[in-house]
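Build the complex: two chains, separate frames, hints provided.
Going down the list, the sequences are from chains A and B. The numbering of the first sequence is this note's numbering, which starts it at 6 and goes up by one. The numbering of the second sequence is this note's numbering, which starts it at 894 and goes up by one.
The hints are simulated quantities; they were obtained by calculation from the structure and are not laboratory data. Computed from a predicted model, the values in this text were never measured in an experiment. Each residue gets a CB set at the ideal place from its N, CA and C atoms; glycine is no exception. Certain hints may be false.
Result set (BS3-like, lysine-lysine): computed pairs, CA atoms no more than 25 Å apart in a straight line [stated by the list, open to error]:
#	chain 1	residue 1	chain 2	residue 2
1	A	Lys86	B	Lys934
2	A	Lys86	B	Lys933
3	A	Lys86	B	Lys902
4	B	Lys931	A	Lys86
5	B	Lys933	B	Lys915
Partial list, computed: chain A residues near chain B (C-beta under 10 Å) [claimed, not checked]:
#	residue
6	Ala55
7	Ser90
8	Gly99
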Amino acid sequence: GQSLEQPSEVTAVEGAIVQINCTYQTSGFYGLSWYQQHDGGAPTFLSYNALDGLEETGRFSSFLSRSDSYGYLLLQELQMKDSASYFCAVRGRGANNLFFGTGTRLTVIP
Amino acid sequence: DTEVTQTPKHLVMGMTNKKSLKCEQHMGHRAMYWYKQKAKKPPELMFVYSYEKLSINESVPSRFSPECPNSSLLNLHLHALQPEDSALYLCASSPQGIDYGYTFGSGTRLTVV
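Excised from the complex, chain B in its bound form (with noise of 0.2 Å):
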């Protein structure tokens, strides 16, 4: 299996709800990424989890908050999200240490009404 799968791959949501959106990878990968993109805009690094730890957060607005239960699923729990977090988010999972080769979900295209 050399794929990322995300679900779903589209949400609607309102400002006052909760979601999740998952992802799952069977490659042994033990780094797992969150991206953000924008339309016409390139992928922007949310959260890195390595080794099911959170290893990197840039800054990202305490409404997103992610989950790693173990090494093949990574989550993203969406609370009270604003209009402008409409985006795709993208999963993406590498070897450990690696800054190549990175291997990229279809992503979820959310849009917050």
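Next comes chain A alone, as it looks inside the complex (with noise of 0.2 Å):
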């Protein structure tokens, strides 16, 4: 089966730079990726490592480390509307199922 741990909430001034951590437990891993959901909204995908590795979006960056099973989303120059929850997730067994962690809670104060 799969496990991803994450922080369940995070708090963070407006500006700063803020690490949102994962770790997972899957029987076969094709990749890590992260999806950011505003309270009563949809999951929006950000963004997805298949290698080890940091990946840049923007402000968004997301790094991989297979050998430690262990990912990261990195949000840069934190805004109020970041302020939602974050999810990781892997590839469930089989293809077109996707596993979710069990997301962090962002808040970003003044």
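What follows is the structure in structure tokens.
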């Protein structure tokens, strides 16, 4: 089966940098993706890492270390609108089967 | 069109009612999904349709019945639900065989009374 653990809550100041960690256990690994979800909204795809290293997309970056079964999402120049829940996700058994982590609630304060 | 549209946005139903949730996408995606999300929890996979055929059923009770009439539409038929089935029901789509970049709808907030 799959298991993805994230910190439940993170609070950071506007303009700062925050890192959201994800450790995973999965029987077969194909890549780690990240989604953002505002309250009452749809999860929105942010980034994907299939190989080790850092992927940068604007203010957001995502890192993967397959040997450590670990990844993180890095948010820079935090804005109030970044307050949301963030989920890491991996492929479950078989294709077309996305399994989500426990989720991290990010609160950005002035 | 880069959206997944779900209707209705909110639904209140009694335990003896029959209702349906609808989902539509026009991105040409051949994989479509139903997820259930409880408050402060991650989305949980319920069903996967691949090329309009049910490929995954995550041991969902039979009171939930999915249907994929064509490559753009996905329905979830509800019957004899329980109050614990109250949740946000999310539809998503993706290209076939891809495990990232899913596009989610905004969901149907279901309350069973």
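Here is what the structure says about each hint:
Our distance criterion of 25 Å between C-alpha atoms is met by Lys86 (chain A) and Lys934 (chain B), whose separation comes to about 21 Å. Distance restraint check for Lys86 (chain A) and Lys933 (chain B): the Cα-Cα separation of roughly 19 Å lies within the 25 Å cut-off, and the hinted pair is therefore satisfied. For the suggested pair Lys86 (chain A) and Lys902 (chain B), the alpha carbons sit about 23 Å apart, so the restraint of at most 25 Å is met. A distance of roughly 23 Å separates the Cα atoms of Lys931 (chain B) and Lys86 (chain A); the hinted pair therefore holds under the 25 Å criterion.
Among the hinted pairs, Lys933 (chain B) with Lys915 (chain B) is consistent with the structure: their alpha-carbon atoms are about 24 Å apart, no more than 25 Å. Taking 10 Å as the C-beta contact cut-off toward chain B, the hint placing Ala55 (chain A) at the interface holds, the least distance being around 8 Å. Here the hint on Ser90 (chain A) is kept, as its CB sits about 8 Å from the closest CB of chain B, short of 10 Å. The interface hint given for Gly99 (chain A) is met, as the beta carbon of that residue sits about 7 Å from the closest beta carbon of chain B, less than 10 Å.
Checked against the numbered hints given earlier, this structure breaks none of them.
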